[in-house]
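Using the sequences and the hints, build the whole thing.
Letter by letter, the chains look like this.
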Amino acid sequence: MPINKIVDSFDEAVADIEDGATIMIGGFGIVAGAPSLLLEALGRKGSKDLTMVSNVTGFGKDVWSQLGFKFAEDPDILVRNGQIKKAIATAPVSTIYQNNFERLLRAGKVELETVSQGTLAERIRMAKAGIGGMYVSVGVGTVVEEGKETKIIDGKKYILELPLKADFALIKAHKGDRWGNLVYRRTSRTFNAVMAGAATVTIAEVEEIVELGELDADAIHTPGIYVDRVVVRPQVIEAEEIEYSAEVKESYQKYMDRKGN
Amino acid sequence: MPINKIVDSFDEAVADIEDGATIMIGGFGIVAGAPSLLLEALGRKGSKDLTMVSNVTGFGKDVWSQLGFKFAEDPDILVRNGQIKKAIATAPVSTIYQNNFERLLRAGKVELETVSQGTLAERIRMAKAGIGGMYVSVGVGTVVEEGKETKIIDGKKYILELPLKADFALIKAHKGDRWGNLVYRRTSRTFNAVMAGAATVTIAEVEEIVELGELDADAIHTPGIYVDRVVVRPQVIEAEEIEYSAEVKESYQKYMDRKGN
Amino acid sequence: MQEKATLDRQTIALRVAKEFQDGDVVNLGIGLPGLACNFVPAGREVLFHAEIGVLGFGEMTAPGEGDFELVNAGGQTVHEQPGMSCFDHAEAFVMIRGGHVDISVMGAFQVSEKGDLANYMVPAREIGVIGGAMDLASGTKKLIIAMNHTTKDGQPRILKQLAYPVTALNCVNLIVTDIAVIEVTDRGLVLKEVAPGWTPEEVQGLTEPKLIIDPDCHDIELM
Amino acid sequence: MQEKATLDRQTIALRVAKEFQDGDVVNLGIGLPGLACNFVPAGREVLFHAEIGVLGFGEMTAPGEGDFELVNAGGQTVHEQPGMSCFDHAEAFVMIRGGHVDISVMGAFQVSEKGDLANYMVPAREIGVIGGAMDLASGTKKLIIAMNHTTKDGQPRILKQLAYPVTALNCVNLIVTDIAVIEVTDRGLVLKEVAPGWTPEEVQGLTEPKLIIDPDCHDIELM
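Chains as they are written, first to last, in this note's numbering: chain A, 1 to 261; chain B, 1 to 261; chain C, 1 to 223; chain D, 1 to 223.
Please keep in mind that the hints were generated in silico from the structure rather than gathered at the bench. From a predicted model like this one, the values you see are computed outputs, not experimental measurements. There is no bait here: all hints are sound.
Covered stretches of chain A (chain B as the covering partner; in silico rule of three or more C-beta atoms under 8 Å from a C-beta of chain B):
{"id": "1", "region": "148–158"}
{"id": "2", "region": "178–185"}
Below, simulated DMTMM-like cross-link-like pairs (lysine to aspartate or glutamate); rule was C-alpha separation at most 20 Å, straight line:
{"id": "3", "chain 1": "A", "residue 1": "175", "chain 2": "D", "residue 2": "69"}
{"id": "4", "chain 1": "B", "residue 1": "45", "chain 2": "B", "residue 2": "18"}
{"id": "5", "chain 1": "A", "residue 1": "157", "chain 2": "A", "residue 2": "146"}
{"id": "6", "chain 1": "C", "residue 1": "141", "chain 2": "A", "residue 2": "228"}
{"id": "7", "chain 1": "A", "residue 1": "175", "chain 2": "B", "residue 2": "218"}
{"id": "8", "chain 1": "B", "residue 1": "175", "chain 2": "C", "residue 2": "69"}
{"id": "9", "chain 1": "A", "residue 1": "70", "chain 2": "D", "residue 2": "67"}
Don't be surprised by glycine CBs; every beta carbon is placed ideally from N, CA and C.
Below you can see the structure in the form of structure tokens.
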């Protein structure tokens, strides 16, 4: 029987994400690389006590929609829904305004482990690659070193970093096929390609499904071996009208000012 | 001034490989993925006491030419020229016939470190990635474990493996541009892409040089940051006539029989 | 002793291929195991993986045809098929070491009753060819060994303990030989199938450890 | 105190960009450093790197234009240019940690006279944003800090010892501020340039550690 990893709906794709699961969320920070519709579906499902591994904890749909994004959910949806128990991230808060994660963190309602970005990427890759641990010098002499084993190799001090595995990885790609082969566009590859295969179940949200064989063998970024489910974004999405709060408007203005262009 | 990593000749490309250097040689085993003309140039230059990091130690031009290859040098050229002091390889000898490396090894003229293949790839990547060491369980309970540190992580035993860096990496790619961006074809990517950037100087032999911008940003396999020199194969090469020894003919027949197709 | 008919290389490969289920990712070793890509049961979709950096290739090409930049682990040219992907050597072993490969098929010199494997060096030779065997043996979910049941001079290769250097411990799941199919279980080695014309007792006679004869033990079926 | 004219953000970025030589791979941090991609000296070919996974992009796009799948570390859209390559996040940090990036430009809260850097957390805030700063600070060959010379209330940011949590030790090579250009050397901090209208003594007055005034110290040159 032909292999078919394509599932029909976003709700079906996340149906088995239970309370207490550890989930990786692809993307970097900008919503263009985030699995927005998978996050929206997981929001609807309402699974609680999740541990979330992602670069950022999210800015929120209202911020993004001001910037003109239609598919505008980022990890913030799980935070503001109260679905997160713990976040493992490199940039958990914003330097411009107080995001929902910071609010919950200050209220003692979520836990946080902050990781350096390159180490986060490599810890995820270790899980995918079956590596038991690795030594990096990044973070020596900083807070990152605290509580970790260190070792001198060739006269240089290193920190032992351990693999980071998840139950589910939610990622976003440009195109996918029924074997789960994926390609990404430009800077949306980022953590999406790293996380593919680092979880027991990897679920990819794609913009387009193509026939098997349409993706050139040399140009496939994520071979299907790492992908369990593929779900496609609808061509047309009803755009909700959003009421912007004064705070969001102010944050947006600060963001635009800071961009400097 | 425009960046230009293209050098005019193979001899120029290898001109600074001095005696005692550690060199990585790309490819897997089959000569199609090997940097044949760089190896030929290094053979002409005659640098001695080289430490060679490669998957195999080579079969030799005569074996390959029987199979119809025109650019038929593999690491064997350095072995039979007596340029190698030590080899680090996963398949140092042939199971079918005695290659030149085995002859020299049995005569006590070369040293050997045998490494498991996935560990070899990852040790090379560590050098490129600035990682100080990593724990793998591959080889536990075998000869590979001897003399190495071990560690129990999460109840499982691992071996500490260290990075493997070189002075030069000689690799083969399909196309390259003046920034050193490379693409490979099919199964020739192999160790070539892994070694790019793991040496102080990476030299790529390509079949074709293309204009900057011809390679799509999403399809480049090796970004130019890892590549120092690019040299192109001539379109036409004078094919030497080769006299095959009885031994080579016999090896070839054994090889063909074993292939089973 | 071995005057009876035994399975030839192609037939052993055919029997091995019967193990492949829809969607399995299967790595095939050099030599006999490599032949199994030609015998995928009709209607099944199996993804062949080679450590050189390719997933999802098809059957071998005819001799003299094919592209030498599309080869399996043994350097033999294979057909491209839709869905195939290529990658570098580190990624190929991320797949292997990371447990993403379902089945690995390789040859062996010896297998112990605990499923220990020796296939990288004959002691007399002193120089080993480790290749990717250690990674594959310790990383894949199911390891199938395809080999002749005995050495050329009739000595058992399935032993109580390995006499040759270890490739990996406790890794073999199934042994397919020219006269039998044997499963490695926690209870010991279970004889599941014998070559046509062979009895379980005759197979036991060429095997060092005690075999558990499966109540359902039957002739090797190829279709 | 700071009633004299100081360099604005664009001008600081312009001065930073003068450091970029032909063929340099340069990573630009979020905010002010990101602007430097717009000021590459004419005729130079510089490769900009962003940890999101891109090398060799061009200037920023006009506001409201551009492709949100081609952005810098700050999420700002940039122009594609010939030779650009994209990759994943692990690869982006192989480049950084592995020492393949020549220059990194980032902001800071504080820099010590030994070149220690604090830029991930204001202690009062208690929650840090480490991002890629630690990797970049410890992995790149030359680290340039672009920042205002003092805090909003006129306190020095260039200190004998860091008061804020450390990002990385001994990593800063050059500090470009709104009033000065200072090199971190084994001998100490060397004042190389001052903003037009400023004297070395005035810069020293806003700097905690003792500055070595370069004999050739001159006004900041932008062209």
